[in-house]
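S.K.: Sequence:
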Amino acid sequence: MNAANLISALFGLGAPPLGAAVALFGAGFLLLHDRARNGTLYALSPLVVLTPLAALVAYGGRDHPGWAAIAAVLVAALLAREREDAFASECALKLVWVLGGSLALSWAGLGLLTLATGTSRVSEQWAVLQLGLDPPQLWSAALSLSLVAGIVLLGAAPFHFWAADLFQGAKAWLAPLAVAALQVGGSGWIMGRLAGIAACPEAARLTSYLLGVAGATAFAVGAVAVAWQKRPERRVGTLASLQGAILLAALAAERAGHYHRISVDDLIGLWAPHLLLALTGAGTFARFLPVSGTGAEPAAVMFRRHPLSAAFGLFALASLAGVPGTPGARLWLDVARALAGSERMGLMLAMAGAWLASFAVAVRQAREAIGVPSRGPAPGQPVPWSARAALWAAGAGLLALGWAWR
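Using the working numbering, the letters of the sequence shown map in sequence onto residues 123 to 528.
Please keep in mind that the hints were generated in silico from the structure rather than gathered at the bench. Heads up, a few of these hints could be off.
Across the chosen pairs, the derived CB separations fall in these ranges [to be verified]: (1) Asp388 - Ser266: 22 to 30 Å; (2) Trp229 - Ala488: 42 to 50 Å; (3) Val218 - Leu169: 21 to 29 Å; (4) Gly233 - Arg205: 30 to 38 Å; (5) Trp350 - Gly463: 30 to 38 Å; (6) Thr241 - Leu478: 24 to 32 Å.
For clarity, every value in this text was computed on a predicted model and none was experimentally measured. Cβ atoms here follow ideal geometry from the backbone N, Cα and C, with glycine treated the same way.
Model the full structure from these sequences, guided by the hints.
M.R.: If you want it as C-alpha coordinates, here you go:
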(Lines of atoms letter the chains of each structure in order from A; the text may use other names.)
(Lines give C-alpha, C1' and ligand atoms only; values in the text may rest on other atoms or scores of the structure.)
Protein backbone atom coordinates (compact mmCIF):
# COMPACT_ATOMS: atom_id res chain seq x y z
CA MET A 123 0.00 0.00 0.00
CA ASN A 124 1.51 3.32 -1.01
CA ALA A 125 1.47 6.45 1.15
CA ALA A 126 -1.55 7.98 -0.58
CA ASN A 127 -3.66 4.84 -0.12
CA LEU A 128 -2.56 4.53 3.51
CA ILE A 129 -3.63 8.08 4.31
CA SER A 130 -6.93 7.58 2.50
CA ALA A 131 -7.59 4.40 4.49
CA LEU A 132 -6.79 6.11 7.76
CA PHE A 133 -9.04 9.06 7.03
CA GLY A 134 -11.79 6.64 6.13
CA LEU A 135 -12.15 6.36 9.92
CA GLY A 136 -12.80 10.10 10.07
CA ALA A 137 -10.44 13.04 10.38
CA PRO A 138 -11.82 14.31 13.72
CA PRO A 139 -11.22 11.04 15.65
CA LEU A 140 -7.73 10.69 14.20
CA GLY A 141 -6.90 14.31 14.96
CA ALA A 142 -8.09 13.85 18.53
CA ALA A 143 -6.02 10.67 18.89
CA VAL A 144 -2.87 12.41 17.64
CA ALA A 145 -3.47 15.32 20.02
CA LEU A 146 -3.92 12.92 22.94
CA PHE A 147 -0.67 11.25 21.89
CA GLY A 148 1.08 14.64 22.02
CA ALA A 149 -0.52 15.43 25.39
CA GLY A 150 0.85 12.16 26.74
CA PHE A 151 4.39 13.20 25.81
CA LEU A 152 3.95 16.56 27.53
CA LEU A 153 2.53 14.87 30.62
CA LEU A 154 5.60 12.65 30.84
CA HIS A 155 7.83 15.71 30.92
CA ASP A 156 5.68 17.64 33.39
CA ARG A 157 4.92 14.85 35.89
CA ALA A 158 7.38 11.99 35.24
CA ARG A 159 9.21 12.57 38.53
CA ASN A 160 6.27 10.91 40.31
CA GLY A 161 6.17 7.83 38.09
CA THR A 162 4.86 7.07 34.62
CA LEU A 163 1.42 5.87 35.74
CA TYR A 164 0.87 8.99 37.84
CA ALA A 165 2.17 11.19 35.05
CA LEU A 166 -0.32 9.82 32.52
CA SER A 167 -3.32 9.73 34.89
CA PRO A 168 -4.79 13.07 33.60
CA LEU A 169 -5.41 11.31 30.29
CA VAL A 170 -8.50 9.86 31.96
CA VAL A 171 -9.96 13.40 32.02
CA LEU A 172 -8.42 14.54 28.74
CA THR A 173 -9.97 11.64 26.82
CA PRO A 174 -13.57 12.94 27.17
CA LEU A 175 -12.38 16.36 25.96
CA ALA A 176 -10.76 14.71 22.94
CA ALA A 177 -13.95 12.72 22.33
CA LEU A 178 -15.95 15.97 22.27
CA VAL A 179 -13.59 17.34 19.60
CA ALA A 180 -13.82 14.09 17.64
CA TYR A 181 -17.58 13.68 17.66
CA GLY A 182 -18.89 17.16 18.43
CA GLY A 183 -21.73 18.06 20.73
CA ARG A 184 -24.54 18.79 18.31
CA ASP A 185 -26.80 15.96 19.45
CA HIS A 186 -26.06 16.59 23.12
CA PRO A 187 -25.32 20.33 23.67
CA GLY A 188 -24.97 19.66 27.40
CA TRP A 189 -21.53 18.19 26.68
CA ALA A 190 -20.24 21.75 26.35
CA ALA A 191 -21.21 22.44 29.97
CA ILE A 192 -19.57 19.19 31.10
CA ALA A 193 -16.37 20.15 29.24
CA ALA A 194 -16.36 23.57 30.93
CA VAL A 195 -16.70 21.94 34.36
CA LEU A 196 -13.87 19.47 33.61
CA VAL A 197 -11.52 22.22 32.43
CA ALA A 198 -12.28 24.46 35.41
CA ALA A 199 -11.73 21.54 37.79
CA LEU A 200 -8.35 20.69 36.24
CA LEU A 201 -7.26 24.32 36.51
CA ALA A 202 -8.48 24.60 40.11
CA ARG A 203 -6.29 21.66 41.13
CA GLU A 204 -3.22 23.86 40.63
CA ARG A 205 -3.78 25.76 43.89
CA GLU A 206 -0.26 27.16 44.04
CA ASP A 207 -0.38 28.48 40.46
CA ALA A 208 -1.88 31.97 40.51
CA PHE A 209 -2.39 32.06 36.72
CA ALA A 210 -4.23 28.73 36.71
CA SER A 211 -6.48 29.77 39.61
CA GLU A 212 -7.31 33.10 37.98
CA CYS A 213 -8.05 31.34 34.70
CA ALA A 214 -10.40 28.89 36.46
CA LEU A 215 -12.31 31.76 38.05
CA LYS A 216 -12.67 33.56 34.72
CA LEU A 217 -13.97 30.41 33.06
CA VAL A 218 -16.52 29.90 35.83
CA TRP A 219 -18.02 33.37 35.62
CA VAL A 220 -17.78 33.83 31.85
CA LEU A 221 -18.89 30.38 30.69
CA GLY A 222 -21.21 29.86 33.66
CA GLY A 223 -22.96 33.17 33.05
CA SER A 224 -23.35 32.53 29.31
CA LEU A 225 -24.76 29.05 29.91
CA ALA A 226 -27.24 30.46 32.42
CA LEU A 227 -28.43 33.06 29.90
CA SER A 228 -28.80 30.46 27.16
CA TRP A 229 -30.69 28.07 29.41
CA ALA A 230 -33.04 30.95 30.25
CA GLY A 231 -33.54 31.52 26.51
CA LEU A 232 -34.26 27.83 26.01
CA GLY A 233 -36.84 27.99 28.78
CA LEU A 234 -38.53 31.00 27.16
CA LEU A 235 -38.66 29.22 23.80
CA THR A 236 -40.22 26.19 25.46
CA LEU A 237 -42.74 28.45 27.18
CA ALA A 238 -43.59 30.24 23.94
CA THR A 239 -43.97 27.11 21.82
CA GLY A 240 -45.15 24.54 24.34
CA THR A 241 -42.47 22.02 23.34
CA SER A 242 -38.81 21.45 24.15
CA ARG A 243 -38.06 19.70 20.85
CA VAL A 244 -36.07 22.06 18.65
CA SER A 245 -37.51 20.88 15.34
CA GLU A 246 -41.05 21.28 16.65
CA GLN A 247 -40.37 24.76 18.01
CA TRP A 248 -39.70 26.18 14.54
CA ALA A 249 -42.91 24.66 13.16
CA VAL A 250 -44.90 26.24 15.99
CA LEU A 251 -43.25 29.65 15.52
CA GLN A 252 -44.05 29.53 11.80
CA LEU A 253 -47.75 29.52 12.70
CA GLY A 254 -47.37 33.06 14.03
CA LEU A 255 -49.28 32.44 17.26
CA ASP A 256 -46.69 34.08 19.52
CA PRO A 257 -45.50 37.70 19.53
CA PRO A 258 -42.17 37.95 17.68
CA GLN A 259 -40.62 40.05 20.46
CA LEU A 260 -40.78 37.10 22.88
CA TRP A 261 -39.36 34.34 20.72
CA SER A 262 -36.75 36.57 19.03
CA ALA A 263 -35.37 37.60 22.43
CA ALA A 264 -35.40 33.96 23.55
CA LEU A 265 -33.65 32.84 20.37
CA SER A 266 -30.95 35.47 20.82
CA LEU A 267 -30.34 34.40 24.42
CA SER A 268 -30.18 30.72 23.46
CA LEU A 269 -27.22 31.41 21.14
CA VAL A 270 -25.13 33.31 23.71
CA ALA A 271 -23.45 30.21 25.17
CA GLY A 272 -22.37 28.96 21.75
CA ILE A 273 -20.87 32.33 20.79
CA VAL A 274 -18.99 32.62 24.09
CA LEU A 275 -17.73 29.02 23.92
CA LEU A 276 -16.40 29.68 20.43
CA GLY A 277 -14.24 32.43 21.94
CA ALA A 278 -15.76 35.14 19.77
CA ALA A 279 -14.90 38.71 20.78
CA PRO A 280 -15.54 40.38 23.14
CA PHE A 281 -15.21 37.06 24.96
CA HIS A 282 -11.94 36.14 23.26
CA PHE A 283 -9.82 36.63 26.38
CA TRP A 284 -10.61 33.27 27.96
CA ALA A 285 -8.75 31.34 25.23
CA ALA A 286 -5.62 33.49 25.60
CA ASP A 287 -5.85 33.19 29.39
CA LEU A 288 -6.07 29.41 29.12
CA PHE A 289 -2.90 29.20 27.05
CA GLN A 290 -1.06 31.44 29.48
CA GLY A 291 -2.40 29.91 32.70
CA ALA A 292 -2.88 26.22 31.91
CA LYS A 293 -0.25 23.51 31.47
CA ALA A 294 0.98 22.77 27.97
CA TRP A 295 -0.73 19.34 28.01
CA LEU A 296 -4.11 20.83 28.96
CA ALA A 297 -4.49 24.12 27.08
CA PRO A 298 -4.88 22.84 23.47
CA LEU A 299 -7.40 20.12 24.31
CA ALA A 300 -9.33 22.41 26.67
CA VAL A 301 -9.65 25.28 24.19
CA ALA A 302 -10.50 23.00 21.26
CA ALA A 303 -13.08 21.03 23.29
CA LEU A 304 -14.82 24.20 24.47
CA GLN A 305 -14.86 25.70 20.98
CA VAL A 306 -16.16 22.52 19.37
CA GLY A 307 -18.72 22.35 22.16
CA GLY A 308 -19.77 25.88 21.23
CA SER A 309 -20.19 24.89 17.59
CA GLY A 310 -22.27 21.89 18.66
CA TRP A 311 -24.42 24.12 20.85
CA ILE A 312 -25.24 26.48 17.97
CA MET A 313 -25.74 23.72 15.41
CA GLY A 314 -28.02 21.88 17.80
CA ARG A 315 -30.10 25.00 18.35
CA LEU A 316 -30.43 25.64 14.61
CA ALA A 317 -31.54 22.13 13.61
CA GLY A 318 -34.57 22.41 11.34
CA ILE A 319 -34.72 26.21 11.52
CA ALA A 320 -35.41 26.37 7.76
CA ALA A 321 -39.03 25.56 8.66
CA CYS A 322 -39.30 29.12 10.03
CA PRO A 323 -37.76 31.56 7.51
CA GLU A 324 -38.18 34.54 9.82
CA ALA A 325 -36.19 32.81 12.56
CA ALA A 326 -33.55 31.77 10.00
CA ARG A 327 -33.16 35.38 8.85
CA LEU A 328 -32.83 36.59 12.44
CA THR A 329 -30.24 33.92 13.19
CA SER A 330 -28.22 34.81 10.09
CA TYR A 331 -28.21 38.45 11.15
CA LEU A 332 -27.20 37.67 14.76
CA LEU A 333 -24.41 35.30 13.73
CA GLY A 334 -23.19 37.77 11.13
CA VAL A 335 -22.98 40.59 13.68
CA ALA A 336 -21.23 38.28 16.16
CA GLY A 337 -18.77 37.13 13.48
CA ALA A 338 -17.97 40.65 12.26
CA THR A 339 -17.40 41.82 15.85
CA ALA A 340 -15.19 38.81 16.53
CA PHE A 341 -13.09 39.45 13.43
CA ALA A 342 -12.73 43.19 14.05
CA VAL A 343 -11.87 42.96 17.74
CA GLY A 344 -9.78 39.81 17.26
CA ALA A 345 -7.66 41.50 14.58
CA VAL A 346 -6.78 44.31 16.99
CA ALA A 347 -6.23 41.92 19.91
CA VAL A 348 -3.92 39.53 18.06
CA ALA A 349 -1.76 42.40 16.82
CA TRP A 350 -1.56 43.82 20.35
CA GLN A 351 -0.47 40.62 22.12
CA LYS A 352 3.18 40.33 23.10
CA ARG A 353 3.35 36.89 24.71
CA PRO A 354 3.53 34.02 22.18
CA GLU A 355 1.07 31.80 24.08
CA ARG A 356 -1.51 34.60 24.21
CA ARG A 357 -1.10 35.09 20.49
CA VAL A 358 -1.96 31.43 19.99
CA GLY A 359 -5.06 31.81 22.16
CA THR A 360 -6.22 34.89 20.27
CA LEU A 361 -5.69 33.12 16.95
CA ALA A 362 -7.88 30.33 18.31
CA SER A 363 -10.65 32.87 18.96
CA LEU A 364 -10.45 33.92 15.31
CA GLN A 365 -11.06 30.28 14.38
CA GLY A 366 -14.33 30.59 16.28
CA ALA A 367 -15.14 33.70 14.25
CA ILE A 368 -14.56 31.70 11.05
CA LEU A 369 -17.22 29.21 12.09
CA LEU A 370 -19.68 31.99 12.98
CA ALA A 371 -19.17 33.49 9.52
CA ALA A 372 -19.77 30.12 7.87
CA LEU A 373 -22.98 29.65 9.85
CA ALA A 374 -24.16 33.15 8.94
CA ALA A 375 -23.50 32.47 5.25
CA GLU A 376 -25.32 29.14 5.37
CA ARG A 377 -28.38 30.59 7.10
CA ALA A 378 -28.50 33.28 4.44
CA GLY A 379 -28.58 30.54 1.79
CA HIS A 380 -25.18 31.31 0.28
CA TYR A 381 -23.02 28.41 1.45
CA HIS A 382 -22.89 26.16 -1.59
CA ARG A 383 -19.31 24.92 -1.81
CA ILE A 384 -19.40 22.71 1.28
CA SER A 385 -21.96 22.15 4.03
CA VAL A 386 -21.18 23.56 7.45
CA ASP A 387 -21.41 20.03 8.88
CA ASP A 388 -18.60 18.99 6.53
CA LEU A 389 -16.69 22.18 7.32
CA ILE A 390 -16.78 21.38 11.04
CA GLY A 391 -15.39 17.94 10.20
CA LEU A 392 -12.34 19.75 8.80
CA TRP A 393 -12.28 22.66 11.25
CA ALA A 394 -12.29 20.63 14.48
CA PRO A 395 -9.26 18.34 13.87
CA HIS A 396 -7.29 21.18 12.32
CA LEU A 397 -8.03 23.40 15.32
CA LEU A 398 -6.87 20.77 17.81
CA LEU A 399 -3.70 19.81 15.94
CA ALA A 400 -2.73 23.41 15.19
CA LEU A 401 -3.27 24.42 18.82
CA THR A 402 -1.21 21.45 20.02
CA GLY A 403 1.73 22.35 17.80
CA ALA A 404 1.53 26.12 18.14
CA GLY A 405 0.85 26.00 21.89
CA THR A 406 3.84 23.74 22.53
CA PHE A 407 6.06 25.84 20.27
CA ALA A 408 5.04 29.06 22.03
CA ARG A 409 6.41 27.79 25.35
CA PHE A 410 9.94 28.06 23.96
CA LEU A 411 9.67 31.51 22.39
CA PRO A 412 10.67 34.81 23.99
CA VAL A 413 8.21 37.56 24.79
CA SER A 414 8.07 40.05 21.96
CA GLY A 415 10.59 42.86 22.47
CA THR A 416 11.67 45.98 20.66
CA GLY A 417 15.07 44.91 19.41
CA ALA A 418 16.51 42.05 17.38
CA GLU A 419 17.61 39.02 19.39
CA PRO A 420 19.39 35.75 18.62
CA ALA A 421 17.31 32.78 17.57
CA ALA A 422 15.15 31.09 20.19
CA VAL A 423 16.60 27.99 21.81
CA MET A 424 14.25 25.74 19.83
CA PHE A 425 15.55 26.97 16.46
CA ARG A 426 19.19 26.90 17.49
CA ARG A 427 19.17 23.41 18.95
CA HIS A 428 16.35 21.64 17.09
CA PRO A 429 15.53 23.49 13.86
CA LEU A 430 13.39 20.70 12.36
CA SER A 431 11.18 20.44 15.44
CA ALA A 432 10.92 24.23 15.46
CA ALA A 433 9.87 24.14 11.81
CA PHE A 434 6.96 21.84 12.72
CA GLY A 435 5.92 24.26 15.46
CA LEU A 436 6.12 27.23 13.13
CA PHE A 437 4.10 25.32 10.52
CA ALA A 438 1.35 24.72 13.11
CA LEU A 439 1.31 28.42 14.01
CA ALA A 440 1.18 29.42 10.34
CA SER A 441 -1.71 27.02 9.71
CA LEU A 442 -3.60 28.45 12.68
CA ALA A 443 -3.13 31.93 11.19
CA GLY A 444 -4.25 30.82 7.72
CA VAL A 445 -0.94 31.44 5.96
CA PRO A 446 -1.25 30.38 2.28
CA GLY A 447 0.07 26.89 1.63
CA THR A 448 -1.05 25.53 4.99
CA PRO A 449 -4.17 23.44 5.77
CA GLY A 450 -5.63 26.34 7.75
CA ALA A 451 -5.69 28.53 4.66
CA ARG A 452 -8.29 26.15 3.18
CA LEU A 453 -10.73 27.04 5.96
CA TRP A 454 -10.30 30.79 5.50
CA LEU A 455 -10.65 30.44 1.73
CA ASP A 456 -13.78 28.26 1.83
CA VAL A 457 -15.61 30.64 4.16
CA ALA A 458 -14.41 33.67 2.19
CA ARG A 459 -15.85 32.15 -1.00
CA ALA A 460 -19.17 31.65 0.75
CA LEU A 461 -19.24 35.23 2.00
CA ALA A 462 -18.27 36.55 -1.43
CA GLY A 463 -21.54 35.16 -2.80
CA SER A 464 -23.61 36.81 -0.09
CA GLU A 465 -24.60 40.38 0.56
CA ARG A 466 -22.75 40.53 3.89
CA MET A 467 -19.93 42.74 2.67
CA GLY A 468 -19.21 44.09 6.15
CA LEU A 469 -18.59 40.57 7.44
CA MET A 470 -16.37 39.71 4.48
CA LEU A 471 -14.28 42.88 4.94
CA ALA A 472 -13.94 42.18 8.67
CA MET A 473 -12.75 38.67 7.85
CA ALA A 474 -10.21 40.01 5.36
CA GLY A 475 -8.86 42.43 7.97
CA ALA A 476 -8.58 39.64 10.54
CA TRP A 477 -6.73 37.41 8.08
CA LEU A 478 -4.24 40.18 7.30
CA ALA A 479 -3.64 40.73 11.01
CA SER A 480 -3.19 36.98 11.57
CA PHE A 481 -0.76 36.71 8.67
CA ALA A 482 1.25 39.67 9.97
CA VAL A 483 1.43 38.18 13.46
CA ALA A 484 2.57 34.80 12.07
CA VAL A 485 5.34 36.49 10.08
CA ARG A 486 6.37 38.56 13.08
CA GLN A 487 6.45 35.50 15.32
CA ALA A 488 8.56 33.63 12.77
CA ARG A 489 11.00 36.53 12.57
CA GLU A 490 11.31 36.69 16.35
CA ALA A 491 11.72 32.92 16.65
CA ILE A 492 14.39 32.66 13.96
CA GLY A 493 16.11 35.80 15.24
CA VAL A 494 19.34 37.23 13.90
CA PRO A 495 22.57 35.33 13.14
CA SER A 496 24.72 34.71 16.20
CA ARG A 497 28.30 33.48 16.36
CA GLY A 498 27.98 32.40 19.97
CA PRO A 499 27.33 28.83 21.13
CA ALA A 500 23.82 27.46 21.23
CA PRO A 501 21.95 28.09 24.49
CA GLY A 502 22.51 25.53 27.18
CA GLN A 503 18.86 25.09 28.14
CA PRO A 504 17.70 21.71 26.85
CA VAL A 505 14.46 21.37 24.93
CA PRO A 506 12.67 18.30 26.36
CA TRP A 507 12.35 15.38 23.98
CA SER A 508 8.69 15.12 24.96
CA ALA A 509 7.98 18.63 23.66
CA ARG A 510 9.75 17.83 20.41
CA ALA A 511 7.75 14.60 20.09
CA ALA A 512 4.50 16.55 20.58
CA LEU A 513 5.58 19.00 17.86
CA TRP A 514 6.35 16.16 15.47
CA ALA A 515 3.01 14.49 16.20
CA ALA A 516 1.05 17.71 15.61
CA GLY A 517 3.06 18.57 12.51
CA ALA A 518 2.61 15.11 11.02
CA GLY A 519 -1.13 15.29 11.72
CA LEU A 520 -1.43 18.66 9.99
CA LEU A 521 0.54 17.40 6.98
CA ALA A 522 -1.79 14.40 6.77
CA LEU A 523 -4.82 16.72 6.93
CA GLY A 524 -3.36 18.84 4.15
CA TRP A 525 -2.78 15.75 2.04
CA ALA A 526 -6.33 14.52 2.62
CA TRP A 527 -7.86 17.95 1.77
CA ARG A 528 -5.85 18.53 -1.40
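S.K.: Tell me, in ascending order, the numbers of any earlier hints that this structure violates.
M.R.: Failing hint: just 6.
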